[in-house]
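Novice: Chains as they are written, first to last, in my numbering: chain A, 622 to 890; chain B, 5 to 249.
Source of the hints: derived by calculation from the structure; they are not laboratory data. Worth double-checking, as some hints may not be accurate.
Said to hold, decoys possible - Here are some chain A residues the structure puts well away from chain B; computed CB gaps all over 12 Å:
{"no.": "1", "residue": "732"}
{"no.": "2", "residue": "763"}
{"no.": "3", "residue": "884"}
Said to hold, decoys possible - Here chain A is said to cover these stretches of chain B; the calculated rule only asks that three of the stretch's residues, wherever they fall, bring their Cβ under 8 Å from a Cβ of chain A:
{"no.": "4", "stretch": "107 to 116"}
{"no.": "5", "stretch": "119 to 130"}
{"no.": "6", "stretch": "147 to 160"}
{"no.": "7", "stretch": "170 to 177"}
Claimed, not checked - A short, non-exhaustive set of chain A residues, derived as facing chain B with CB atoms under 7 Å:
{"no.": "8", "residue": "785"}
{"no.": "9", "residue": "789"}
{"no.": "10", "residue": "827"}
Just so it is clear, CB atoms sit at the ideal spot from N, CA and C, and this is done for glycine as well.
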Amino acid sequence: MSRIDVALHDLRTLDDLARRDTPLTRLDARAQVVTTLVFCVVVVSFDRYSVSALLPLALYPITLAALGDLPARPLLRKLAIAAPFAMLVGLFNPLLDRAPLLTLGEIAIAGGWVSFASIMLRFALTVGSALVLIAGTGMHELCAALGRLGVPGVFTAQLLFLFRYSFVLGGEASSMMTAYELRSGGRRPGLKDYGGLAGHLLLRAFERAQRIHLAMIARGFDGELRSAASRSWTRRDTLFVLGWCAFFLLVRWVNIPQWLGQATTGQLP
Amino acid sequence: MSHHYIEVRRVSYAYPDGTLALRDISCRIEHGESVGIVGANGAGKSTLLLHLNGLLTPAEGQVVIGDIPVTEKTRDQIHRSVGFIFQDADDQLFMPTVLDDVAFGPMNMGLSPAEARARAQAALESVDAVQLARRAPYRLSGGEKRAAAIAGVLAMSPSILVLDEPSAGLDPAARRRLIALLCSFSHTRVIATHDLDLVLDVCTRVLVLHGGSLRADGTPREIFDDVDLLASCHLEVPLSLQRRS
Chain A
622 MSRIDVALHD LRTLDDLARR DTPLTRLDAR AQVVTTLVFC VVVVSFDRYS VSALLPLALY
682 PITLAALGDL PARPLLRKLA IAAPFAMLVG LFNPLLDRAP LLTLGEIAIA GGWVSFASIM
742 LRFALTVGSA LVLIAGTGMH ELCAALGRLG VPGVFTAQLL FLFRYSFVLG GEASSMMTAY
802 ELRSGGRRPG LKDYGGLAGH LLLRAFERAQ RIHLAMIARG FDGELRSAAS RSWTRRDTLF
862 VLGWCAFFLL VRWVNIPQWL GQATTGQLP
Chain B
5 MSHHYIEVRR VSYAYPDGTL ALRDISCRIE HGESVGIVGA NGAGKSTLLL HLNGLLTPAE
65 GQVVIGDIPV TEKTRDQIHR SVGFIFQDAD DQLFMPTVLD DVAFGPMNMG LSPAEARARA
125 QAALESVDAV QLARRAPYRL SGGEKRAAAI AGVLAMSPSI LVLDEPSAGL DPAARRRLIA
185 LLCSFSHTRV IATHDLDLVL DVCTRVLVLH GGSLRADGTP REIFDDVDLL ASCHLEVPLS
245 LQRRS
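Could you build the full structure based on these sequences and the hints that come with them?
Specialist: So, in structure tokens, the structure goes:
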């Protein structure tokens, strides 16, 4: 399997997960979008040296993954793919901020390392919750939910089409690479070859876009992408949003791990 | 429904790059007829089809569908009565699920979501594809995609069906099911195809295009018995007739 095929397979797996009937997929996608948004805002609102206070927030993506019966491996693999970007952001913190912030026994830990850990934790929480959101709702439900929450139709339609035709264009790209490899005699494609292949793929994408547009016009498309799928907001959705938001606020104002530690060791402030 | 004829009056069309795709084409297709359009690659089949529901407008001449001339102004009206099924079903199946896709046309016609869903369900039943309703289009086989694309057009209740290479890429069983389906329709059908055996099974009339011009118009037997005509238009006798002779 080529790397393009593997990427498409991963994308397909994520979408397939959302098509199953689980307590998570039965929730209205808007409830999950709003709650995940609040979650991300709460995660990034902590100060830069927060680590322990953030830990209880991991309960949200973990609970949702359990509710949706989502397998950990593909989600963790995707998290690992994005991790280098977050590492890059916090890379210089340990070098620039060397003042000791806390001590673990004899070892003094510099503020830079703590803030680096905080960045990585925030990355894992926010990206992890976004992945769970996609695997728990599916791209089409997600786009419909965004549309119903007031995101302009042009953006949700773009997102939907990007997702739908990534499989078609990805398949074409994969075929082109296979055709190249079969006649390249084992030579790796150079920049010039990639340029030619990408240009060719772009022209194909233009042609397909024109044909899709014609197909849409032929069925009465007037600029608005309407969906016939029925969705209704229930009390369960309200409870989901309110319950989790209350938990996020609690975690935001009370450092639960610290409080638990002090409570169990009897050293309350 | 008897007014749903198609009349092509002296239509010519050139693409923006100057390629003359249609030259002075005239024909009239009556209600309920099943017409095959055959010709070599580049003969103008797809271009002619695109004129039948206003996706292209002629440089010269006129297309009339049931007393309504096909123009920019009448295009929405024409789209309701002429259903167009594209060669590559992937071009037509752009919504996230098959049900959403089949309901796309009815929703654009102003039907409520419940009505559109009922229409979509009925259309899927008519092509024996109800089980596909919740599937993602990219997960379907070639035959299933074709059935879903046809359902998407049937859901708009058109009087005329226009199909571009409907059997392209189908396996023999899927092709046979498609032929049975096309034979079961009472709509006026216009089918552009290289599959001459499909034309024999489904069509009552054949138009032969060559180099953008209409070279012949007759019954399938008349056309397919004329070996010289077929050879000059880069066609050949259908395989099923070759075996019989």
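Novice: Which hints from the list above does the structure break, by number from lowest to highest?
Specialist: 2, 7 and 10
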